[in-house]
Each structure stands twice: as C-alpha cells, then as structure tokens.
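Take these sequences, add in the hints, and give me the full structure.
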Amino acid sequence: MKFTEEHEWLLKEDDHVIVGITEHAAEALGDLVFVELPDVGTAVSKGDEIVVIESVKAASDITAPLDGEIIEVNEQLTEKPELVNDDPLGAAWFFKMKLTDPSEIDGLMDEDAYKELIG
Amino acid sequence: MVNYVHLNSADFSAIYGDNMADYIQTALYDLHISLGAKMVPFAGYEMPVQYPTGVMKEHIHTRNKVGLFDVSHMGQVIIKPKNGNLSDIAASLEKLIPIDIIDLPKYHQRYGFLTNKHGGIIDDLMVSNQGDHLFLVINAGCKKTDVEHLRDNLDDNCELELLENRSLIALQGPKAEKVLSKFSNQIIDMFFMDTLKVQLQGFEVWISRSGYTGEDGFEISIPNDNIIEFTEQLLEIEDVLPIGLGARDSLRLEAGLCLYGHDIDQNSSPTEAGLNWAISKKRRASGTRSGNFLGSERILNEISNGTDIKRVGIVPIGRAPMREGVELFKDRNDTIPIGKVTSGGFGPIVERAISMGYLDTRYTKVNTKIFAEIRGKRMEAVVTSLPFTKLNFKRSN
Numbered sequence: 001m002k003f004t005e006e007h008e009w010l011l012k013e014d015d016h017v018i019v020g021i022t023e024h025a026a027e028a029l030g031d032l033v034f035v036e037l038p039d040v041g042t043a044v045s046k047g048d049e050i051v052v053i054e055s056v057k058a059a060s061d062i063t064a065p066l067d068g069e070i071i072e073v074n075e076q077l078t079e080k081p082e083l084v085n086d087d088p089l090g091a092a093w094f095f096k097m098k099l100t101d102p103s104e105i106d107g108l109m110d111e112d113a114y115k116e117l118i119g
Numbered sequence: 001m002v003n004y005v006h007l008n009s010a011d012f013s014a015i016y017g018d019n020m021a022d023y024i025q026t027a028l029y030d031l032h033i034s035l036g037a038k039m040v041p042f043a044g045y046e047m048p049v050q051y052p053t054g055v056m057k058e059h060i061h062t063r064n065k066v067g068l069f070d071v072s073h074m075g076q077v078i079i080k081p082k083n084g085n086l087s088d089i090a091a092s093l094e095k096l097i098p099i100d101i102i103d104l105p106k107y108h109q110r111y112g113f114l115t116n117k118h119g120g121i122i123d124d125l126m127v128s129n130q131g132d133h134l135f136l137v138i139n140a141g142c143k144k145t146d147v148e149h150l151r152d153n154l155d156d157n158c159e160l161e162l163l164e165n166r167s168l169i170a171l172q173g174p175k176a177e178k179v180l181s182k183f184s185n186q187i188i189d190m191f192f193m194d195t196l197k198v199q200l201q202g203f204e205v206w207i208s209r210s211g212y213t214g215e216d217g218f219e220i221s222i223p224n225d226n227i228i229e230f231t232e233q234l235l236e237i238e239d240v241l242p243i244g245l246g247a248r249d250s251l252r253l254e255a256g257l258c259l260y261g262h263d264i265d266q267n268s269s270p271t272e273a274g275l276n277w278a279i280s281k282k283r284r285a286s287g288t289r290s291g292n293f294l295g296s297e298r299i300l301n302e303i304s305n306g307t308d309i310k311r312v313g314i315v316p317i318g319r320a321p322m323r324e325g326v327e328l329f330k331d332r333n334d335t336i337p338i339g340k341v342t343s344g345g346f347g348p349i350v351e352r353a354i355s356m357g358y359l360d361t362r363y364t365k366v367n368t369k370i371f372a373e374i375r376g377k378r379m380e381a382v383v384t385s386l387p388f389t390k391l392n393f394k395r396s397n
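Chains A and B, in that order, give the protein sequences.
FYI, our numbering numbers position 43 of the first sequence as 43, with every residue one higher than the one before it.
FYI, our numbering numbers position 136 of the second sequence as 136, with every residue one higher than the one before it.
No wet-lab data here; the hints were simulated from the structure.
Here the structure is a predicted model, which is why all the values come from computation and not from measurement.
One or more hints might be untrue.
Taking lysine to any residue pairs in the SDA-like style, the calculated list, with each CA pair at most 25 Å apart, reads [unchecked claim]:
no.: 1; chain 1: B; residue 1: K57; chain 2: A; residue 2: T78
no.: 2; chain 1: A; residue 1: K115; chain 2: B; residue 2: I33
no.: 3; chain 1: A; residue 1: K80; chain 2: B; residue 2: T389
In structure tokens, the structure reads:
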C-alpha cells in the first residue's frame with residue numbers, strides 16, 4: 001500500500017489502483033454523512049478535486065492522487081457514508097483508477113514514511 | 001484532500017496549525033484534555049469540538065440520555081441597582097430589550113435580545129430576576145460589544161459586572177433531571193425557565209432549567225475553584241457523557257434555534273428571524289409598556305406588517321448538506337437568488353441534511369420547492385417549519 005501527503009492510500013490491483021483515505025484522515029474528518037463520487041470514465045489529472053465528502057462538521061474534497069482514468073466507483077458509499085469511518089482501509093475504498101503512467105505509484109510514500117508524516 | 005474547510009461555521013476553522021496560545025482556556029480545560037477532547041478555537045476560546053465519542057454519537061446521546069457541555073465561554077453578567085430597587089434597573093434594561101423585565105417573576109428567566117437603534121440584533125441572551133439583581137447570560141463572541149452597549153446605555157443606577165470567577169456548564173437531555181436531583185431534590189420542582197440558587201458541597205450553585213439543545217435540562221453556574229470537582233462527579237454518574245461544540249451546533253440546528261453571528265446579527269430584525277414569540281405582549285404596539293426600546297419603530301411595525309425576508313427551515317431532497325452561505329433560487333435556471341442558507345448540516349436524529357436560512361417572504365410557504373446551488377449545481381430543497389425535532393421542555397402547563 002502507498003500513501004499521499006493528502007492522506008489517501010493506493011493499492012495496486014491487476015492493471016489499476018484502488019484509492020481510499022487513511023484511518024488518520026477518517027478520524028480527523030469525523031462522522032461522514034455525504035459522499036459524491038465521480039463518473040466512471042472520467043479522465044483525471046493529479047490534484048483534480050474528484051470526490052466530495054462531508055462530515056457532520058465539514059465539507060472536504062478528495063483529489064486525484066495521480067493522472068489517469070476512473071474505471072470504477074464504490075457506489076455503496078453514497079448510501080452508507082459511515083462506512084468510511086468504520087472501515088476506511090477496506091470496504092470504504094472510493095474509486096479504482098487506471099494510471100496513465102503506472103510507474104508513478106512507486107514515487108509515493110510507503111507506510112513508514114506516511115506514519116512519520118502524521119507523527 | 002482533507003482541506004478541513006468548515007463551511008458550517010467559520011469559528012470552527014483551522015483545526016490544525018492554529019496558534020492556540022492566543023485563545024482563552026476555560027477552568028475545565030485540563031479536564032477536556034484528560035477526556036481526550038479535540039480542541040478548536042471558538043469565539044476567542046479554546047473549546048472542545050468533540051470527545052472520542054464523536055459528534056454523531058454525542059448528539060444522539062444527548063437526545064436519548066444526558067450530555068454535559070462546558071459553556072463557560074459564555075458571559076455571565078450581573079446588573080445591580082445602586083438604590084436597591086430592582087424595578088428601576090429592570091425599567092432601564094427594558095429600553096434595550098423588547099421583553100417584559102419589570103414583571104419578570106423572581107427566580108424566573110426569559111429569552112430575549114439586545115436590539116440596536118435600527119432594529120437589528122446586537123446579541124441574544126437569557127435574563128433572570130435574582131431578587132436583588134438581574135442575571136444575564138450572553139454569547140461569548142458578543143461579550144465586549146454587549147458590555148460596552150450596556151454600560152453606555154443603562155442609567156447610572158445600574159452597576160454592571162461581567163463575572164470572571166464563575167464557570168458555566170449545561171446538563172441537557174431527558175435524564176438531566178434524574179442526574180441533577182442526586183445533588184439537590186429542589187430541582188425536581190423547577191419548570192422550564194425557572195432558576196434556583198442553592199448551596200452544594202460548600203459553594204453556591206446557580207441553576208436555571210434551560211439550555212440550547214431543544215431538550216429538558218439545566219444550565220449550572222459554579223465558582224471556578226469548584227468546577228472541575230463538580231463536573232467530575234457529574235461525569236461519574238451513569239448516562240452522563242461530555243459533549244462538544246460540534247454536537248451543540250447540530251442539536252441547536254435540529255431544534256431550530258438561532259446561532260448568533262450566523263442566523264441572526266446586527267442587520268437581522270427579530271421578525272425577519274422568526275423571533276416575534278420572544279417579544280412580550282406588554283412591549284408590543286397595543287401593550288401596556290409599548291415600544292420605548294432601541295429599534296422599536298421598525299420592530300413594532302414589522303410585527304404588524306411583516307417583512308420582505310423570513311427565516312425558515314430548509315430540507316434538501318438529496319443527501320448533500322446545504323451549509324452556511326449557500327444561495328437559494330426559485331427555479332433551476334434563475335440567476336437572482338431569493339435567499340441564503342445561514343446554518344446547515346446533518347441532523348443525526350432526523351437522519352437527513354437540514355438547513356435554515358432567509359428567504360424572500362413570497363417563497364416561505366411550507367412545502368414550497370426551491371433550489372440551492374452547491375458546487376455549481378442546482379439541488380432541490382423544500383421549505384419547512386421549524387424546529388426539525390420536537391422540543392422536550394418541562395413546561396408548567
């Protein structure tokens with residue numbers, strides 16, 4: 001599993017990656033009440049705001065971690081946003097994307113580096 | 001991601017990286033930390049926004065059992081008559097607040113607001129008759145303005161003191177009476193808005209049967225020196241959990257109550273805000289002590305003739321919360337807004353997104369379909385009455 005400074009995790013699966021947010025992020029956001037997912041097929045660039053998440057306290061975005069195309073989204077989250085708090089690293093993945101340059105994932109943080117980042 | 005943008009309340013901004021040294025700590029600060037609270041800046045104070053329980057569960061716990069809130073950031077003000085005659089200072093205060101204070105029964109409290117000369121609201125507050133003085137509880141963010149306004153406008157017979165030596169906690173929820181009765185049986189006889197002064201464990205406790213969650217409950221003023229010990233005793237009782245500002249905000253929103261600086265301010269009038277109910281009959285156009293308060297011309301006129309805009313409840317059809325600042329439109333394509341959301345978020349008990357805001361009065365009929373613009377998209381919503389949840393006060397009749 002790889003991590004971004006924006007508190008996302010990426011997991012390689014076949015020819016694509018699965019993306020979610022870390023426990024640290026889920027904890028900091030608080031109870032989620034709303035998730036809006038991108039359309040499958042959307043071409044995204046690193047940094048694009050592609051998911052809207054709202055907790056009881058706040059609205060935030062999830063940005064695209066790298067360049068690529070959205071190939072699947074986790075529709076379950078629209079009906080059950082609270083899954084993100086219950087299982088951020090598992091059942092509550094947000095989307096799957098096909099990377100434009102699959103080697104770019106190697107440049108992201110590993111778990112130790114991420115743990116150091118969040119202290 | 002994770003911008004931590006707190007759209008529902010600017011005061012909750014900057015959870016991380018803010019310089020907390022600039023903020024005042026309440027006497028309960030160390031207890032909040034030991035309870036694992038997440039602290040945020042709010043109205044110049046460093047306050048718990050939530051405990052490990054989390055906002056959602058804290059909210060539901062308060063509605064079902066009982067929650068304990070530190071509200072020591074709020075201002076506690078005493079006004080005493082130099083000549084010893086309480087009705088003289090009540091008459092002086094009536095020039096600044098459109099409620100009946102002269103005939104306010106001893107040990108009883110009323111909700112009211114300080115108005116400005118334009119009929120806007122300087123602050124909303126509680127005022128009670130304590131026999132030899134009046135006791136006010138004012139908003140944290142308005143303390144300085146209120147005290148200056150009161151000092152400038154009350155007559156010389158009024159001696160005003162902003163108390164720094166007392167803390168304030170709120171015990172809210174259906175089990176609040178059961179919990180507090182372990183300390184004093186007398187509280188069982190209190191009704192909504194009654195107050196009581198009682199000696200407990202060697203110090204004087206000032207209790208009012210009120211709060212700002214829509215639930216039955218009490219606000220309890222205790223000397224700073226005794227607050228930690230007393231609060232710890234309350235927290236040891238079954239069903240009592242500490243509740244942060246996050247749930248306090250969603251509780252008052254579900255109860256349809258205004259948050260000063262958001263739903264009401266210096267520009268909004270009581271009638272626009274839907275607060276006519278708080279203006280005593282005696283102070284209205286046909287009352288025995290009609291008018292004669294700041295802004296009375298506009299306010300009394302508006303009570304009779306209505307206003308161009310009105311505060312209403314708004315329920316989004318979809319799941320997306322409509323938060324403070326979101327503009328409202330009469331249809332999908334109209335470019336001119338008919339109103340704006342002033343508070344919005346998620347209601348954990350009603351289990352849906354809820355908002356309140358001001359709308360052009362022509363569109364305020366219940367069930368009117370309107371549109372809100374969120375992130376560039378028009379989303380459907382419906383005008384509703386307030387509150388969103390049933391109010392559970394222990395009224396006397």
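Consistency of the hints with the structure:
A threshold of 25 Å between alpha carbons decides the hint, and for K57(B) with T78(A) the separation of about 20 Å falls inside it, so the pair holds. A threshold of 25 Å between alpha carbons decides the hint, and for K115(A) with I33(B) the separation of about 23 Å falls inside it, so the pair holds. Simply put, K80(A) and T389(B) have alpha-carbon atoms about 23 Å apart, close enough for the 25 Å limit, and the pair holds.
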